[in-house]
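Novice: Given chain X, work out where chain B should sit, using these hints.
2 protein chains.
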Amino acid sequence: MELHSQPVMPRGFQCASVNCGLKESGTDLSLFLSEVTCSAAAVFTLNQFPGAPVIVGREIMKNGRLRAIVVNSKVSNVGTGETGIENARRMGLAVAREFSVDAGEVLMSSTGVIAKPLPIEKIEGGIGDLKQHLSSDPLVGAQGIMTTDTYPKALSLSVGSATLTMVAKGAGMIEPNMATMLVYAFTDAKIESKNLDAMLRKAVDTSFNMLSVDTDTSTSDTCVIMANGLQGTVDEDAFSEALQFICTEMTKKIARDGEGATKLLLTEAVNAFSREEARIIAKSLVNSPLIKTMAFGADPNIGRVLMAVGKCFSCHVRPERVEVFINETLVYKNQARVDFDEDKVRKLLSGDKVHIKVNLNEGSGEALAYGCDFTHGYIDENAAYYSS
Amino acid sequence: MELHSQPVMPRGFQCASVNCGLKESGTDLSLFLSEVTCSAAAVFTLNQFPGAPVIVGREIMKNGRLRAIVVNSKVSNVGTGETGIENARRMGLAVAREFSVDAGEVLMSSTGVIAKPLPIEKIEGGIGDLKQHLSSDPLVGAQGIMTTDTYPKALSLSVGSATLTMVAKGAGMIEPNMATMLVYAFTDAKIESKNLDAMLRKAVDTSFNMLSVDTDTSTSDTCVIMANGLQGTVDEDAFSEALQFICTEMTKKIARDGEGATKLLLTEAVNAFSREEARIIAKSLVNSPLIKTMAFGADPNIGRVLMAVGKCFSCHVRPERVEVFINETLVYKNQARVDFDEDKVRKLLSGDKVHIKVNLNEGSGEALAYGCDFTHGYIDENAAYYSS
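Just so you know, the protein sequences line up as chains X and B, in that order. Position 99 of the first sequence, counting from 1, maps to 98 under numbering that gives the first Met the number 0, and the rest follow consecutively. Position 235 of the second sequence, counting from 1, maps to 234 under numbering that gives the first Met the number 0, and the rest follow consecutively.
Since the hints were made in silico from the structure, they are not lab data. Nothing false has been slipped in among the hints.
As the list makes no split between identical chains, a pair holds if one copy fits it or if it spans any two.
The calculated BS3-like cross-link candidates involving lysine-lysine, where the alpha carbons are at most 30 Å apart (straight line), are:
id	residue 1	residue 2
1	Lys22	Lys343
2	Lys189	Lys130
3	Lys251	Lys193
4	Lys346	Lys115
5	Lys115	Lys332
6	Lys189	Lys201
7	Lys61	Lys121
8	Lys22	Lys346
9	Lys332	Lys22
10	Lys343	Lys115
11	Lys346	Lys251
12	Lys332	Lys121
13	Lys352	Lys115
14	Lys252	Lys343
15	Lys201	Lys252
16	Lys352	Lys201
17	Lys115	Lys61
Chain X with its partners taken away, still in its complex shape (with noise of 0.2 Å):
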């Protein structure tokens, strides 16, 4: 499958981005929006202090219809209790009368500072500014939604004679840098909602479900899909593998673009137990701060990675049977080091990913998980900031 070299919105979709006076510079407000009503499949945080656009959000999505996405970037909507439920409907119904659409088919998003309340006032002012904004590139809506990401991250391809986009903001996981994740897809193709919603769980299971910056749940995270269906039937298998496709893409995207990271750390467990015990042991390889150390320093450290192995109490891990390759090399086996090229292999860990493998010999269960080293920037924009 291949990506396009320039991402478009799918055909019908049109999105915008303005400055409604949240941030300083840069737009902050961003509108995705379909021409006809879309059949829609999302997921949410798991965190439960969901922010008030995910408690609405959630009860947006059971009709499994949108038209249309409106996000603000900089203050979070989190923790604000009932007011804060009022200032997410104003925001959707601000989006319905403006565009004429009806404001059940309107989802909102908010990532920033928690338990501030949301400028409702000025986001109101600002939607009405996006009429004369519209545009057809992906990256102008991405840009509204970044907050610590270093670039507006958007990706297209094609399935059949549908085409799929997807456009998300990542760094960390929550404020200050008011991170969060948040995932918009778009497409063309005409698929009932209810397959949507399978073929995005199944797609988020592999992908931003095995993704971590920092070991940290947003209250925001959201992931979405539209399909407004006007370029008719696809292959939905093909659809499906194309979803998956672009959801991992991204999630490597904004792995490489976590907070402060220089490298995207892959951590993968192969004939473990089972797939669950799989997902248990490659989880804690790319969240071990000695791990993502270790990748920033560029080192293979084989201490490390059966520290972290050896950490997971509730998995089958048989020290004698356990081998470990870093970058494709194998470095552990037989219960002890093996004579490998350090050179060769530090030179490979300088370079722009790690990766772990860990074959525990046990059964079948695979997994891949996608995170970043940890660094000097991390700290450095974690630590110097205020709150308030």
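Specialist: Just chain B now, kept in the frame of chain X:
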């Protein structure tokens, strides 16, 4: 309860440390010795790649009797297979020969690089030199087990006519910085090993088991207590309390001296649904990179606290009931930020202690976790390192 201003080995205990050639400078081999056989108890790491000394140590502790503990730093004897087991036994045998004690009463520990052979000849040579350095100052023994600790750690207190002394190392959880948690406690009180075991488990449960420097569980963690009985019996309730107290004080010392740490981080969950849930929530807070960088940055970031509580998916968390205190100041209640004196709280946070307390208002579960802030120093110590 009050700690002695100067720690001392209890009656009948001595310790020593020498350089046996593992480190370029400083001592790297320590011995702790009782003149009579002690009743003893120990807890070891749950990591599934336990070091050879842990595997052999579990066997030795089955008898609940010890005369001596021998410890080397720099090389951990982990991930070393059968040869590692043999080398661990050789360490114990060398001490048995040199000091005419039963080899089944000598516990050994090793801390340092993983998956490298233990330089057993050097260690055996060093064991021959220990006798001439025996001392009643526990800091002498504490010196030889240090890795990335910035200073040796020993504490003493009195229980009736008996003395209870604890020696420990901490810093990070594993190499490259050759860290691991090793804790040794000594007393001249007379207590059966069965009772010692129960008291040790109880004390560890709320102290060392609630400590996290970096979420990474070492393959070598060991906590042992030896009671030689030379001062006769003591009130065991008082002793149990004293053990709890000294474990908690040592936990704070290790947390404060975590790799790169500048502050002690205390996170507390009160009125949680259950004790188990309180522990999960307190641990989620103490381990969150965003909480740890917030402590470093001295910012009262309410959003990060809500996030870290909310990501405890398995716990009872109702946003409308949650209250947050930062260094004793109420900052969040009734789903809204409280109007508090931010400058005052920032000033408190810029001291050497950050205390975050969350009231769940769900039940009566309580837990307190111990950690440290996340700083450039941690990245430096763990990235700028070659494992070979």
